[in-house]
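Going down the list, the sequences are from chains Y and E.
According to this note's numbering, the first sequence is numbered sequentially starting from 1.
According to this note's numbering, the second sequence is numbered sequentially starting from 1.
Among these hints, one or two may not hold up.
Unchecked claim - Far from chain Y, by Cβ distances over 12 Å, these chain E residues were calculated:
#: 1; residue: Trp18
#: 2; residue: Phe28
#: 3; residue: Gly41
#: 4; residue: Ile42
#: 5; residue: Gly51
#: 6; residue: Leu71
#: 7; residue: Phe118
#: 8; residue: Gln133
#: 9; residue: Phe134
#: 10; residue: Val142
#: 11; residue: Phe177
#: 12; residue: Ala196
#: 13; residue: Phe198
#: 14; residue: Ile236
Unchecked claim - Using 25 Å as the maximum straight-line C-alpha spacing, the simulated DMTMM-like pairs for lysine to aspartate or glutamate come out as follows:
#: 15; chain 1: Y; residue 1: Lys107; chain 2: E; residue 2: Glu101
#: 16; chain 1: E; residue 1: Lys13; chain 2: Y; residue 2: Glu137
#: 17; chain 1: E; residue 1: Lys13; chain 2: Y; residue 2: Glu171
#: 18; chain 1: E; residue 1: Lys13; chain 2: Y; residue 2: Glu122
#: 19; chain 1: Y; residue 1: Lys116; chain 2: E; residue 2: Glu75
#: 20; chain 1: E; residue 1: Lys9; chain 2: Y; residue 2: Asp158
#: 21; chain 1: Y; residue 1: Lys102; chain 2: E; residue 2: Glu80
#: 22; chain 1: Y; residue 1: Lys116; chain 2: E; residue 2: Glu172
#: 23; chain 1: E; residue 1: Lys254; chain 2: Y; residue 2: Glu46
#: 24; chain 1: E; residue 1: Lys3; chain 2: Y; residue 2: Glu141
#: 25; chain 1: E; residue 1: Lys13; chain 2: Y; residue 2: Asp161
#: 26; chain 1: Y; residue 1: Lys116; chain 2: E; residue 2: Glu101
#: 27; chain 1: E; residue 1: Lys13; chain 2: Y; residue 2: Asp127
#: 28; chain 1: Y; residue 1: Lys102; chain 2: E; residue 2: Glu228
#: 29; chain 1: E; residue 1: Lys92; chain 2: Y; residue 2: Glu228
Hints in this document: simulated from the structure, not taken from any laboratory.
Glycine included, each C-beta is placed from N, C-alpha and C at the ideal position.
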Amino acid sequence: MNKNQNINKDTTMINTANLVKTYRRYKKPEGIRGSIASLFRREYEEKTAVNQIDLSIQAGEFVGLIGPNGAGKTTLIKMLTGIIAPTAGTINVMGYYPNDLKNAFKKQYAVVMGQKSQLFFELTVNDTLRLFKEIYEISEETFQANKNYFVQLFGVGDLMDVQVRTLSLGERMKMELIVALLHNPKILFLDEPTIGLDAVASKQIRSFLREINEKKGTTIILTSHYIEDIKTLCRRTIVVNHGTKLYDGATDELFERFQRNKRIKITFDSAVKTMRLRTGGAKLVVDEPYKKEYEVARQDAKALLAELMEHEPKDIVIEEEEIGIVVERIYQEGGNDNA
Amino acid sequence: MRKYWEISKTYMKTQLVWRADVIFNMIFTISKILFAYLLWGIIFQNKESVGMFTFHGMLSYYIVSSFLSQLEMSEGISNEIHERIRNGTFSKYIVIPAGIERYFMAMELGIVLFYLVFDFAAAVVWIFIFRIQFVFTTQWQVIVCAVLMAGLGMIFMIQLNYFLGILTLRFEGIGTFLMIKNNLVSLVTGSIVPLALFPETVTGILRLLPFYYVTYLPAMLFTGQCQEEAVRGLVIIGCWCVLMQSAIQNARKKYFRKYDGAGI
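The whole structure should be built from the sequences, with the hints applied where relevant.
If you want it as structure tokens, here you go:
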């Protein structure tokens, strides 16, 4: 069952050098006149989505790939899975050039894109699994063993015979993962798997992914906008922005160095005037009669919290800085030597 | 082969989900034959024959050709590829270890096998209701040729639609083109008017094109006509399939690298 456990941890699964992807995109002047003019003469611009990225990922790693929208994360995943061809550079995934699209290569990885489904919406999950069993040429024994394992792990036994289109988003994502993992892939690419999911479903998905990585030894590359996904799952994180790698290293170190502030949201039952605070460095960012929001350095958060409690709040929420802010800070200050 | 058979079975299952679609498809088959019955009934009122057809010969042709044209559903392939390339979800087919073209062939086979049963039942019921003296060849060699030709015709149409779908990678939007192609194909395959009623020069030109062999000639062969064209027809449609396959391979080599998956 744990087919991937015999892969040596030192085996390089993914290797890229100077990887570049440039898209050519059509630019249309605004308005109907622009639309008519573009029928006769088109202007194109080049957009470099991935720029000179070097990457080396070992077997069994759980790597987070983060960056703002348009940073080039999805393009990178698409190149690693062979969906698109790179414009320049070298790319090697498990000994294959992905865009050759060899079946032997495709049998060794799986990709789950949060907004693109492999399921047949009209059919049941069982029907789809049966199809994938044949497509991936999985033996009946492995198929049954894996199916039972994942159905139990995801707790979806009662959903296997209902139409996919009637499932909730969270349930559908679990099914996408089962379909993807059925053939024991050596690498699992996940592009925003928790997008749109509620906190409970996201937490469940995270715990399944951790188990699959630990027990089956599957190498996982995860892109996500949610800090929680990255922090709880990935020991290593790669930060990209404008197609360039800014940081490549330990996740703990990344957040320790660059996620410096916390945001404290506080609400009151009655109107409260602007408070004079003793905690130095706390910045008031939202000031409304019933609601205040402070941005404070991580080390001062505890003191500010204690001080705010003296004002008898109705509710307090503490939030981490968003990925976008962290990335912006890395961009301004420079990442690490591996980038 | 098992994986492609499973793909066919899966698409057969997807057809069974929508009951209304099944019913409307049968109604459509029946209504086509009904209109043909009424139309040709008026035309044949004062005539024994039109072109080479008697009234019952014409209806037999109509039943067979509408049965074959109902089975020819490959336009869904070009629409599916076109749509998915434009919205970036074509990767669904790229990432699985199965040949994309063979996947679509298997998909088509699954859909066709499903409709084969229902359309056949509709045609048989109709023959009995209108007491049509169904004209059908008794020569087994001709039947074999007609079956092979209909099969090759369908393969050609799958290839054509797959090829046109791939062209989305080059031209980005081919929706209007596909619409024009569909209308032209329904005319030149003889599913609207038997091609025998066209002037000889037009029919002569059409004989060189593959569409003549998709619905029209197999239907004529089944109804006992144009038997002298059977072998030559098989050779011509076979050559078109080979040609189209090489066009597909060229297009795939040239344009697959252009797929960008929509979005960064």
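Is E:Lys13 within 25 Å of Y:Glu137, Cα to Cα? Roughly 20 Å separates the two Cα atoms, so the pair holds.
12 Å Cβ clearance of E:Phe134 from chain Y: holds, 36 Å
Hey, does E:Val142 actually stay past 12 Å from chain Y on C-beta? For E:Val142, whose nearest Cβ neighbour in chain Y is about 37 Å away, the distance exceeds 12 Å, so it holds.
Run the C-beta distances from E:Gln133 to all of chain Y and say if the shortest one exceeds 12 Å. holds, 41 Å
Beyond 12 Å on every Cβ pair: is that true for E:Gly51 relative to chain Y? Label holds. Min Cβ-Cβ 44 Å, cutoff 12 Å.
Find the nearest Cβ of chain Y to the Cβ of E:Gly41 and say whether that gap is larger than 12 Å. holds, 41 Å
Going straight from one Cα to the other, do E:Lys3 and Y:Glu141 come out at no more than 25 Å? holds, 17 Å
Any Cβ of chain Y at or closer than 12 Å to E:Leu71, or is the non-interface label fine? For E:Leu71, whose nearest Cβ neighbour in chain Y is about 21 Å away, the distance exceeds 12 Å, so it holds.
Minimum Cβ separation between E:Phe177 and chain Y greater than 12 Å? Label holds. Min Cβ-Cβ 15 Å, cutoff 12 Å.
Checking the smallest CB distance to chain Y, is E:Ile42 really beyond 12 Å? The assertion about E:Ile42 holds, with a minimum of 43 Å to chain Y.
Holds or violated: is the Cβ of E:Phe118 farther than 12 Å from all Cβ atoms of chain Y? holds, 18 Å
Against chain Y, does E:Ile236 hold up as non-interface, every C-beta pair farther apart than 12 Å? holds, 33 Å
When the structure is compared with the earlier hints, violations turn up for hints 1, 28, 29 and for no others.
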